[in-house]
Amino acid sequence: MIITNIETVPGKTIVEHFGLVSGSTIRAKHVGRDLMAGLKNLVGGELKGYTQLLHESRQQALERMIEQARQLGANAVVNVRFSTSSVAQGAAELYAYGTAVHVK
Amino acid sequence: MNNFLFFPTLIAMGYVVGTLVEKRHYRSIHEREKKFLYLPAVTMKTVTHPDQKVMSAELVCGSAVISIDYFKRLLASLRNIFGGTVKSYESLIDRARREALIRMKEMAGDSTVIVNVRIETSTIGRNANKKGVGCLEAMAYGTALTLEK
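So the protein lines, in turn, are chains A and B.
Positions in the first sequence are counted from 1; adding 24 to them yields this note's numbering.
Positions in the second sequence are counted from 1; adding 101 to them yields this note's numbering.
Quick caveat, the hints were computed from the structure, so don't treat them as lab data.
Every residue gets a Cβ at the ideal spot worked out from N, C-alpha and C, and that includes glycine.
Treat the hints with care, since some could be wrong.
Cβ-to-Cβ under 10 Å is the rule here; a few derived chain A residues that face chain B [what the hints assert, rightly or not]:
no. : residue
1   : I30
2   : L44
3   : G47
4   : T49
5   : I50
6   : K64
7   : V67
8   : G97
9   : N99
10  : V101
11  : V104
If you want the ones that stay clear, here's a sample from chain B, every Cβ over 10 Å from chain A, calculated [stated by the list, open to error]:
no. : residue
12  : P109
13  : L111
14  : K146
15  : L179
16  : R199
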C-alpha cells in the first residue's frame, strides 16, 4: 500500500479510481495524563503524553483508511489530508481522508 | 495570607523554569536543524529531476504539543488590554512548528526530498473551547521521495 499526499504516485501511472476513503478516531486522555499536563502547564514545555497520544490516534485513523482502501481493491491512496477537531471537552477527533487508486 | 504568596510563587516558578526550558529547547532545535540540512522539505507538489527516477514515495508526518508557562500567560493577558504583538505566543508557536518539521524529517530517514509539506496547528486541552490557549499542537506532513542516485 503506497500512501502519498500529492495527486500522483511518482514513477507510476494511475489506472483506476475508487473514490474517497476515510478513517477517523475519537480519543480522550485519562485523568492521570490530564493532571500531569495541568502541572506542566505551569512551567511550559512539551507535553510528551499528549504528543504520544495524538500520534497513536493519527496512526489508527490512517490504518482505518488503509483498511477501507484495501477492501475496495486499491493498492495506493493519494492526496491524503489530515484534520483535527475537538468534539467534546477533553476529547479530540483525528480524521484522515484520501483517494483510493490502483497504480501500475 | 497563603493566597498572597501562592500566585507570586507560581509566576516566579513559571518565569524561571519556563525560560530555562525554552532556551534548552531552542538549542536542541538549532542542533537538529543543522543535522537535517541535507534533506530539503518543500511545499511544491513535484520536483523535476530530468534523469533521476523516483524509487519510492511514502507519507511522513511529525507532531509536537507545546504548552505555555504561567508567567507568559500572564504577560499575554496583560497585552490583551493594550493590544500589539504578543511575543510570548510567537515563540511558542514557532517552537511547536519547527519541532514538528524536525520530527517529520526524522521519520523520512534517508529519503532525498520531502514534497508537498503542509503544517497544521490546532489548540487542544481543557481550554480548547474557551478563549485561552492552554497548549497547542503543530503537525507537519508531506511525501518523502527517494530518487535514484
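Cross-check of the supplied hints:
Against a cut-off of 10 Å between C-beta atoms, the interface hint on I30/A holds, since the closest Cβ of chain B lies about 5 Å away. For L44/A, the suggested interface contact is broken, since its CB lies about 17 Å from the closest CB of chain B, more than 10 Å. Because the smallest distance between the Cβ of G47/A and any Cβ of chain B comes to about 13 Å, over 10 Å, the interface hint for this residue is violated. The criterion of a C-beta within 10 Å of any C-beta in chain B is not met by T49/A, whose closest approach is roughly 15 Å, and the hint is violated.
Residue-level restraint check for I50/A is violated (minimum Cβ-Cβ distance to chain B is 13 Å; threshold 10 Å). The closest approach between the C-beta of K64/A and any C-beta of chain B is roughly 6 Å, which is under the 10 Å cut-off, so the hint is satisfied. With its C-beta approaching chain B no nearer than about 4 Å, V67/A sits inside the 10 Å limit, and its interface hint holds. Look at G97/A: its Cβ only gets to about 20 Å from chain B, farther than 10 Å, so that hint breaks.
For the restraint placing N99/A at the interface with chain B, the shortest Cβ-Cβ distance is roughly 13 Å, beyond the 10 Å limit, so the hint is violated. The interface hint given for V101/A is met, as the beta carbon of that residue sits about 9 Å from the closest beta carbon of chain B, less than 10 Å. Of the supplied interface hints, the one on V104/A holds, with its beta-carbon coming within about 6 Å of a beta-carbon of chain B, less than 10 Å. Against the 10 Å criterion, P109/B stays outside the reach of chain A, whose nearest CB is about 13 Å from its own CB.
Taking the minimum C-beta to C-beta distance to chain A, about 6 Å, the non-interface status of L111/B is violated against the 10 Å cut. Not every Cβ of chain A is farther than 10 Å from the Cβ of K146/B; the closest lies at roughly 5 Å, contradicting the non-interface assignment. Separation of L179/B from chain A is adequate, the least Cβ-Cβ distance of about 17 Å exceeding the 10 Å criterion. With a least CB separation of 12 Å from chain A, R199/B remains clear of the 10 Å interface cut-off, as annotated.
Hints 2, 3, 4, 5, 8, 9, 13 and 14 from the list above are not met by this structure, while the remaining hints are.
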